[in-house]
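Trainee: Each chain is listed here by its residues.
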Amino acid sequence: MSHPMLATVDGNEACASVAYRLSEVIAIYPITPSSPMGEFADEWAVKGKANLWGQVPSVTEMQSEGGAAGAIHGALQGGALATTFTASQGLLLMIPNMYKIAGELTPFCMHVTARTIATHALSIFGDHSDVMACRQTGFAMLAAASVQEAQDMACIATASTLKSRVPFMHFFDGFRTSHEVSKIQLLSDDDLRFMIDDALVGEHRRRALSPDHPVVRGTAQNPDTFFQAREACNIYYDACPGIVAEMMEKFGERTGRTYRPFDYFGAPDAERVIVIMGSGVETASETAAHLVKRGEKVGVVAVRLFRPFSREHLMSAFPKSVKAIAVMDRTKEPGAIGDPLYLDVLTAITEAHIAGKAPFEKLPRVIAGRYGLSSKEFTPAMVKGIFEEMGRPNPKPHFTVGFVDDVTKLSIPFDESFEIEGNDVVRAVFFGLGADGTVGANKNSIKIIGEETENYAQGYFVYDSKKSGARTVSHLRFGPREIRAPYLIRRANFVACHQFNFLEKVDVLKYAAPGATFLLNAPYGAEALWAELPREVQEEIIARKLRVFTIDAAAVAEKAGMGNRINAVMQTCFFALSGVLPREQAIAKVKEAIKKTYGRKGDEVVRRNWEAVDMTLDHLFEVKVPGQVTATRTRPPVVSEAAPDLVRKVTAMMLEDKGDLLPVSAFPVDGTWPTGTTKWEKRNIASEIPIWEPDLCIQCNKCAMVCPHAAIRAKMFDVSVNGHAPASFKTAEYKAKDYKGMQYVIQVAPEDCTGCNLCVNVCPAKDKSNPRRKAINMASHLENKDREKVNFEYFLELPEFDRSKLARFDVKGVQVLLPLFEYSGACSGCGETPYVKLITQLFGDRTIIANATGCSSIYGGNLPTTPYTKDRHGRGPAWCNSLFEDNAEFGLGIRLAVDAHAAEARRLVAQLGGDLGDEIARTILETRQADDAEIELQRLAVKRLREKLAGMKNPTARRLSEIADYLVKKSVWLVGGDGWAFDIGYGGLDHVLSLDRNVNIIVLDTEVYSNTGGQASKATPLGASAKFAVSGKAIDKKDLGLMAMSYGHVYVASIAMGANDNHTVKAFVEAESYDGPSLIIAYSHCIAHGYDLQYGLDQQKRAVESGIWPLYRYDPRRVEAGEPPLVMDAKGDKIPVKEYLRNETRFRMVERMNPERFHRLADASQAAAERRVAVYQHMAALRMPVHTPAAEEPESEPVTEGSEA
Amino acid sequence: MNLSSTYLGLKLRSPIIAGAGPLTNAVDSAKRLEDAGVGAIVMPSLFEEQIDAEALATTAALEAHMDSFGEAISFMPEPEEYRIGPHDYLERLGQIKKAVGVPVIGSLNGCTRGGWLSYARSIEQAGADALELNVYYVPTDGDESSEQIERHVREMVREVREGVEIPVAVKLSPFYTSLANFALRLQEAGASGLVLFNRFFEPDVDIEELDTVSELRLSEPVELLLRLRWIAILRGHLSASLAVTGGVHSTGDVIKSIMCGADAVQMVSELLRHGPQRVTAINEEIAAWAEERGYANLNEMRGSMSMQRCPDPSAFERGNYIHLLQTWGRR
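Line order of the protein sequences matches chains A and B.
Under our numbering, think of the first position of the first sequence as 1, with each following residue one higher.
Under our numbering, think of the first position of the second sequence as 10001, with each following residue one higher.
I should point out that these hints are in silico values taken from the structure, not numbers from a laboratory.
Hints are supplied without guarantee of correctness; some may be wrong.
[What the hints assert, rightly or not] Cβ-to-Cβ under 7 Å is the rule here; a few derived chain A residues that face chain B:
| # | residue |
| --- | --- |
| 1 | Gly434 |
| 2 | Gly440 |
| 3 | Ala470 |
| 4 | Arg535 |
| 5 | Val606 |
| 6 | Pro771 |
| 7 | Asn1011 |
| 8 | Thr1012 |
| 9 | Gly1013 |
| 10 | Val1030 |
| 11 | Ala1034 |
| 12 | Ile1035 |
| 13 | Gly1090 |
| 14 | Arg1142 |
| 15 | Thr1145 |
| 16 | Pro1155 |
Even for Gly, the Cβ is constructed at its ideal location relative to N, Cα and C.
Just need the whole structure built from these sequences, with the hints factored in.
Mentor: Written as structure tokens, this is what we have:
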């Protein structure tokens, strides 16, 4: 046995480290939660890290998982050792190739972070629904249950595939294992060499396609032979489990960690046994061990090798004494007789029993359980509940565990309070803010403790779905024994709350064990703190006898020049209070870790962090806890009393972190939710909010236009309605020729603003005597919130501007329209959401949105609350997310349906004609609906139509009344990012553009895959450093607009709100009015560009002025007017490209890595920009010949058949 | 004629030094300056703010959104190897040093006593023959006394002096209460020379946008007079080297500077306007002028018009003001 190296790593790194060393070709595509594996591989390749044979593997990012699978298939046929990493929808896209790879008996091992497949909803979290969808492909499936196993099984699977020729899918639970940090024994290169037989690698190579010994593979076969030929592979599948067992044994000899295809843990005379696969094995087997000590006859069978399913190996795992078996599936197959693991186990037992090969004295009762979908917690209490269920005289044959199913009554009860964790484990829970560095510091602490002491360490991190003001909860365990607890801490010895205002929102202390230490970052000092705590918190502190410590970490961090990064301060407090390490040693280690983390970033950064550490302990104080509760103030209600029933009963529970307690009956059955729920979640995350100064305001409405969260709004209203305004409500006379005498107001939504500063930066109006004061200025949230809250409530009551009366389509004009997209969870300062909001202002009351998966689907549709909302008539955007790859097709489908309904409704109106009254029919059929006034006319006509139809009994009238709403023009928007439009969805997008349907496509171009963490796309510009293009992208971005223009019939615009906001409005209005496909490519600044987003608009301006980002509009309608269809709206020659590049870390990083390369790429980018501008200028001067059809030719078809307009 | 001078203990073949600017920031142009006949080259300043700001901005950009969202642990790749800090600068210094034979003087610009002073040592290690410490300090704090400010600068000079072996020159602004006294204190603190004077970046005002506008303006000949006066005054007090910077544009300007007591002059704007070859012309003109008037070398004229030796020392004092007014009146 070798002497293993110990390290604290997460499951992704553990697995990738093996996969990388055993591969020559790696093709990947980012998808949560497997993305880090691809990123590790890319990082290592850039660094020149060699594989086991001394070669640096080639790592290629593809345009989709389908593309990655194709590339892998090719690489395998080329005789390379290849791998890929994926999950969920990505894995589904690989299935066609998986059949091929398996059918060709190709040694290959892929690594999957098992993740939920989107059904009624998308979920990024873990379960087995994706891997189970591949069980029919012919791939062997090997499951790992822990971080250690994610590494070990990666090796065993690769060794097994080489010998068996059956391709392997190695998988482990997404997030729970992929993102858990744990101390593990590392596999050395020698360990891998011991496992991998080079002779088998040679055999794989000899089967490669080569013109030097040519063969043909992938033939088409006919009914006479296909079947027999398909059966020819059977012997390989028969042999495979044996080979895996052999490799496991060999691995055990080398490492001391022995696995079997099915492992058994528990009493040798167990009567009740759970069969389970994945991380649940750890929880189940630890719980069984605990119960066995208490004398219970229970055990657990861990499924390692799920395919090929070996009946013999399974039977050998069960004790003879078993009387009841519960097979636990982490997936759901609606309509099936049982979920897949259950079916297989049941079949195996039955077959063995019939064949007389079952070990049991009597055929045991087998029941089926379902658990842990979408990373639902699976705890020892639930395991005990399952054993108890098996012990009942009539257990539920099919059950669920983990929540209450009050509809189909499938759930089983369990004792929530049951726990098995020993006292020798230190358990710590930390509440932090995404931006404050809490998780990073905790990862650091785990490394320090795991690698500097004998202790084992484990960390798991829970994030919420918001991209701004997000809450993180870190769960850390340390102890002298290996930690096998893949579930959240429930009773912590140490609870830290790094943000005081969390105490107002969630029950932080529910995690505190009696006598635990509670560390609170607060600005009040030890003496005054107690009085500031809400009553509930005081009660819990006293009841649980907690020791309370406090520090004003923000003040310490500020003093050390660290801004809002309180991580080093809080980490030092943790070590000082927890006693995991002697204080001095701990501080030295923290400093060492800081040096290691920040050394590359310069001495000043290290110095400031060290200073923060040094100052910490002088500012850390114990709070004297009085014997009784003194507070009268209680935690405010989570949502307002005025909220609808569903929001108060369901959404509020989710907001309070109590979603697990909701029963099945609380939920819609098909994933349909009401819109407009963000308004009930008052997040109060800004420290400063904008305050309006009417005397200075020039009423340009730019602030409202750029606000990513619709948290600053403009309104114009009749002076007569302003009667009962709060005294603090400020207004001004509306300054414009139209609407003279109207009142005007700019109002902040103080509880919804994220404090991004974009509005203040864009404000052009300055105080002439004190130009530092603008027409809006940031001011303290704390001091202004209450007043502005009252003002905002009044503002909302004021009547909305009647859109049919809108006279001007510019920024000033359109910003008085109600936004129907508000308070999303997008990043503070997001560059995408102002465009989305604008769509809803212009067309929201008749818009249907098809949204590609990505940032815009997460801030657009992630529970608990969603931002699309309704106007006073109850109208607003209807929104749906299908997939990442199919959004164009999905949106087209919606258009086809809308067109079909509209055409049919018009036909029926024409048919009913006189019965309806000729005037109604004529109005409906002849109104062009070219603007809001005409649309309003049409709405009124449809209203009258409905009144008529209500009195008519015939089937035609009934049919018409079902679809009459489609007589009002609908606006279909296809929304997504560049990952969708440039890469994974490009084929579909191109096809939709090639048709003549009236769809409006907006590409929110952040030039990377933003949602998964900044991986390069084909929209990534030349010279930018992104994941998979770390050293700076050498190829310029695809000119999607130019490609779309080549069709000739597509409206195309390239816009950048920060450079020209009126141009943006114009492009939206033109695109929507065009009765055919429209494509708008919108420059969207993004956190992945690496600068403070409050300067996002300035950067957009620079992009345009340097020619990097063209502004243009290509309108096919201009051809008919004898004008050039392309209009260039910016010359792009005002500043050099470098002036733009140097402001963003994504470009500057290239300079920091390799100045020579930076200059080369920047020069190339300058040249590319100039060429692009030259091409467009040339095109903008082109007048197309206008084709006049010959008189005798028949009239051409209308552009849009069945168009409702 | 021999134009050689000694500055900071370095032997210069010409008193004309190419001052810190774009031309001294690249190997090619540095070589052209050498070919044109400069006596030495001062590299552009390494800015304290530049080093710290870059480090802090990069850290913020990489970290601001790290570990805060389930789908992405980070949003930017952090390469294994990248460099923040003066590496590029030091490398360039080393390359220029290798490429030219004339002395190369490194330059540090800052105003706090932070860790950046350690870069002085790095500049020395990169091969600089001397260091110019550019004390760019605008005292905007009303609570800070002149004594505190001067002590602060002295301590900075002492710290740098202690850290390096090469000579250290201090580039000053004219805004010190008692410059003569302060110059002596700096000499005591270890300054081998003084460079007079720093030209601050002076923001302009945009009256339409109500904003300040920062723009670098080239120097004008009229700026020389302030320098000449102070070189003339200090020459008698100090043993340290003196250099003029700001406003040196012509042959006459160089000669005047030397006569007032300068060991060397730094030229930037003139060379940017007319190219390095301007040095060749001025060197030739100085030689011709001096030879014509029988000077054997520059030392013969050095300090001849300093306050100590000039016929009318009051011209450099308040008397100069009276004299000028009287002249005006007589006209």
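Trainee: Look at each hint and say if it fits the structure.
Mentor: Going through the hints against the structure:
no.: 1; hint: Gly434; in the structure: holds, 2 Å
no.: 2; hint: Gly440; in the structure: holds, 5 Å
no.: 3; hint: Ala470; in the structure: holds, 5 Å
no.: 4; hint: Arg535; in the structure: violated, 31 Å
no.: 5; hint: Val606; in the structure: violated, 9 Å
no.: 6; hint: Pro771; in the structure: holds, 4 Å
no.: 7; hint: Asn1011; in the structure: holds, 6 Å
no.: 8; hint: Thr1012; in the structure: holds, 5 Å
no.: 9; hint: Gly1013; in the structure: holds, 3 Å
no.: 10; hint: Val1030; in the structure: holds, 5 Å
no.: 11; hint: Ala1034; in the structure: violated, 15 Å
no.: 12; hint: Ile1035; in the structure: violated, 17 Å
no.: 13; hint: Gly1090; in the structure: holds, 4 Å
no.: 14; hint: Arg1142; in the structure: violated, 11 Å
no.: 15; hint: Thr1145; in the structure: holds, 4 Å
no.: 16; hint: Pro1155; in the structure: holds, 6 Å
Of the hints listed earlier, those the structure fails to meet are numbers 4, 5, 11, 12 and 14, in rising order.
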